[in-house]
Amino acid sequence: MLTQSATNVIENNTFNFPILSLIIFIPLIGALVLMIPGLFKNQAIRVFTLAITVLDFLVGLTLLFGFDSNSKYQMQFAEHIEWIHAFNVNYHVGIDGISLLLIQLTTVISMVAILAGWSSVQKRLREYHIMLLILQTGTLGVFCVLDLFTFYIFWELVLIPMAIIIGIWGSDNRVYAAVKFFLYTLVGSVLMLVGIIALYFAHQNLGGGLLNGTPYGGFDWFVLKGDAPQFDRTFQDLIFLAFTGAFAIKVPLFPFHTWLPDAHVQAPTAGSVVLAGTLLKLGGYGLLRFAVPLAPQGARDFAPLMIALALIAIIYGALVTLMQTDLKKLVAYSSVSHMGFVVLGIFIGTQQSVDGAVLQMVSHGLLTGGLFFCVGIIYERLHTRDISAMGGMAMRMPIYAGLFTVLMLGSTGLPGLSGFIGEFLVFIGTFGTNPWVAAIASVVIIISAFYLMWMFQRVVWGPAKPSSANFPDLRPWEGVGLVTLVLLAVAMGVYAAPLFNVLQQPDHAIFTALTTNGTELLAWMRHLLP
Amino acid sequence: MHDYIWLIPVLPLLGFIINGVFGRWIPANLKLPAAYLATLLVGTSFALSIATFFDVLNGGSFDTQGYPLIQSGNFQVNINFYVDQLTAIMLLVVTSVGFLVHLYSIGYMAHDTHEHPNDHGLLRFFSFISLFVFSMLMLVLADNFVQLYIFWEAVGLCSYLLIGFWYTTNNVNREGKQFDISPRAAGVKAFVTNRIGDFGFSLGVMLIFWNFGSVAYSTVFDQAASGNIHWQFGNITWICFLLFLGAMGKSAQFPLHVWLPDAMQGPTPVSALIHAATMVTAGVYLVARAHPLFALSPNMLVAVAIIGTVTAILGATIALVQNDIKKVVAYSTISQLGYMFASLGVGAIVAAIFHLATHAMFKGLLFLGSGSVIHGMQPTGVENPQDIRTMGGLRRYMPVTFWTFLLAALANAGIVPLAGFWSKDEIIGAFYSAGMDRNAAYFVFWALLTFTSFLTAFYMFRLVFLVFFGEPRWKLAPATAAATSGLSVAAVADAHSTASPEGTHDAPGTQGATAHDGGHGETHDPHESGWQMALPLVVLAVPTVVLGFLIGWPPEAGPIYTFLSKSTTLGVKISDEAANGPTTQTSILLVFATIVAIAGIALAYMMYGRRSNLAQRLGTQFKPIYNLFLNKWYFDDLYQWAIINNVRRLGTALWWFDANIIDGAVNGVAGLVRVSGGGLRKVQTGFVQGYALAIALGLVVLISYLSIIAFSNIH
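Chains as they are written, first to last, in this note's numbering: chain A, 1 to 530; chain B, 1001 to 1715.
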């Protein structure tokens, strides 16, 4: 049995209140209430779900006031409840700055997602909103949890509702996309489960593990992080691969990305918004929180490979995006390119690059989530995603066009919007480790401007077509959703200092694992520079 | 001004917010006042810039703290406001031209009915140019390279938005054939070409950070001056090369010049403000600002001089044969920017900055004058109001435009004593001195640039004679008009294919003008523009004439040298010549330059001022060269063929690879599993709900099982 004093040095909870559990489970409680037959009907279901997500957002904001940027504790707002004593399984949550930002992103994206489906989803309304709420609980759980067993449950909790959302409320080929999404990510999850179990037994082999003289669980993140350097190299390599398998699929990292375009194209708008807005971040977060700290030597060994794959994803993703004729597929492929920066930043492992990776995740959630919202708005009016059928939206829907412009520009990495901060930091951090890698990655600022502006020129500019003659401009819910994302993207772009405040207490495990080591195999390139 | 310096950029930003964010809710009768308000705000910035100028007139500089933007480890970026002598000049140029262009635009854009009535074109336009003025001011006020880069991109954004301002225009002729790039495509082309430069610029900034440990000018320049740099990556030449790549993109230098002529698809006030006076000179500003770095890399300076000289010749030769009034002025801009870079390359920084300032005035005036001509030509009902072949004799119809345009043309041609003469002569003279003192090879540059100034005088007065002199040609059929204008046979041949229908090419107020003229078919003579447009012309004519006298005589003793020598980073020293008075060499060069310019004008008069078929004969005789110039040295075609097509091919190939190989492998594995697991097929219902249910049940079972074990193990 763990004493409270054992964890005092590494985590605290200034609120003395299970605030994280509240945030995690508010959506689930909402889902349970929705399940009561006959309580809500039609519009009331939407309003209730929106109210739940707004409530969760507001409760989530309290974290910003309680969070101490200069805290000596690694994890804050921690909660620790014993669950299964025999296996040392605990319900253990706690957050640092990285989690904090991603929690805020999740609650915002969840609100916007409800608005994105406000008018477009008509069938099985109750089940649809239940799925979205469960999804939110799962996502928030992953961002908070510090126990691998509980982590796995939350991780799987995300997978099921998402697959169902694609499979039931999706487009024509939805079942194929849902099965592909489900099986693909399940394969990764199973690998990770094997890794988790292996870590558990490895911990037992080390003698059960002690934390400040007290026996402590084999699923606990703190414990395993402490154990990790003692595991032998082969074992660490395997653990790293097992975890990274799951996370690389989720990010998605080249060559595990082909489920993404299918899932996005088939998913309903809200599904795409959540998928791009928060789900992909589970992969990046997993790498940062679990894969690297729990197998530092493994991360070191595979860093060059991860960097190479990230570079391929960045450039290859951008080039493939260039040729897309389906608007939604175009935005989906651009995600492959943008999320490549997250992996690159993490495995370069310098302060700037990791800060950049985290901020790129937040920014990508806002911008690409917003872009998928924009795609959905056109689709709902035009009933096609074919770019050649579009044109002149600026004339029909000027407010929409204005907001679309900001999101598109943000996605090209334009300074003043959120995309620049993350991208540029990843570049800066990477450059200090290996200039050539940074130079290759930087090419994307040319290609991304090309594909996004070319798309924009054909969709929003140009003469309007007769088919769009009666298109209404943004309806109130669409306006509120998009304006929220745009305002956040602008705020983050022009005044990013608070975000750095939150991130100034980095998890040193990440840096000690990777700094200067991500370059071992690539160091030979450096002598090419005169 | 130290504490209020932030007002200078923030006032135009306010104009952007009022017109851009809230413009939609401004009632129709207050739209024009809103545009005037934006103008007034920029005007106030101009007044504050004058105050700032006097702050640093007697030397010194100041750096007002703004706020921190990025703080990641030792990578710190602040948004600050730094003013030294160079900044002060840039502030004056940007706010003065910015203010006048705002005013001019009220007249030029007021009747713009290009768009849907629900889309408020006027305020959208004003919001964009106010945003541009803000961004440009923040760019010159930066005290570090990242802030410079941030607003470097921001001015590029405004340029993109304003080039594509008329976003529905297709530029097709009666046969439905595209005859020129559409404004929206031109916007994309401008932005993407600039991004190629910015790719280099951003890498240059990273190189600076990792070698100097900071991106702040003061730290970087101090270290560069002391020579105490701990090189981690690359060397000074790499830094300068990468920064210069950015400058080449923004300032349309060879081989990244291709976007600027197409940028003329934007409204003409935009061409004056962004694509002549201010934004395109940002590259010159960058190289001048980073002088302490460039000074350490003599090789790079020679490269800058070469690129500048090549660009000067390239732009001038293409300008010789263009038939679109704005295209002629645009290629002239490219050419003059080339002069500025050549000047930087040879180390004549003062001359470069001086030419930047005078060029902003006379080229801004030329563009605004062109806009006035285009505006005035619209009532005539010609197919393309920008085609100089359908103009002629306009001096009688538009006297204010004519006289101011003539002054600007004289300045651009380099006729004594106008502003352009002094500044350009300084540049050419610097190469002569370098040839005498340093290396005889500099005489080659000197000769080339002198020949280019002959071409400059020629193409400027070709324009003046064709537009303002001779007989009016707008009532004639296009072919006849071209023949009468004395243009070559080849030009006549393509007259039909390049003429635009219904004046949609650059046609502000086309519909308004048509309505005013009482319907189709009826045409009127050109008219002079209203006061909002005429006043900026007259005001800009003043510096066009007098600004040159800032150079003083001898130049090195004049006010401009004295002022800029007070800057600590430009490295300007008052030379011996100042003490000894003007040398005979300086005087001879002045006379020679004047003769060259007058010769150019004389040739233009012989070919276009008098009735003559000389132009036609030359065009026929030297057809290959004529075609080379007319087709812009085939750069666009080369890039299309060598780069764009190949990138497309690569993208197509990778897409195929993605769909068939990578995804094929995924589906192949899935298929293999399905075949081998044939016995389980009955279990596979094919519905995802089924799978989901199975997993959910499995999880429930797993958790229950573990819980049972857990509880049974308690005691």
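No lab work stands behind these hints: they were computed from the structure.
Worth double-checking, as some hints may not be accurate.
[Stated by the list, open to error] According to the in silico footprint, chain B covers these stretches of chain A (three or more CB under 8 Å from chain B): (1) 97-104; (2) 246-252; (3) 271-283; (4) 314-320; (5) 461-473.
[Unchecked claim] Distance condition first, Cα-Cα at most 30 Å in a straight line; then the derived DSBU-like pairs of lysine-lysine: (6) B/Lys1031 / A/Lys465; (7) B/Lys1177 / A/Lys465; (8) B/Lys1475 / B/Lys1177; (9) A/Lys72 / A/Lys225.
Think of the CB as a built atom: it goes at the ideal place given N, C-alpha and C, for glycine as much as any other residue.
Quick rundown of the hints versus the structure:
no.	hint	result
1	97-104	violated (count 0)
2	246-252	violated (count 0)
3	271-283	violated (count 0)
4	314-320	holds (count 3)
5	461-473	holds (count 4)
6	B/Lys1031 / A/Lys465	holds (28 Å)
7	B/Lys1177 / A/Lys465	holds (19 Å)
8	B/Lys1475 / B/Lys1177	holds (25 Å)
9	A/Lys72 / A/Lys225	holds (18 Å)
Violated hints, listed in ascending order, are 1, 2, 3; each of the other numbered hints is respected by the structure.
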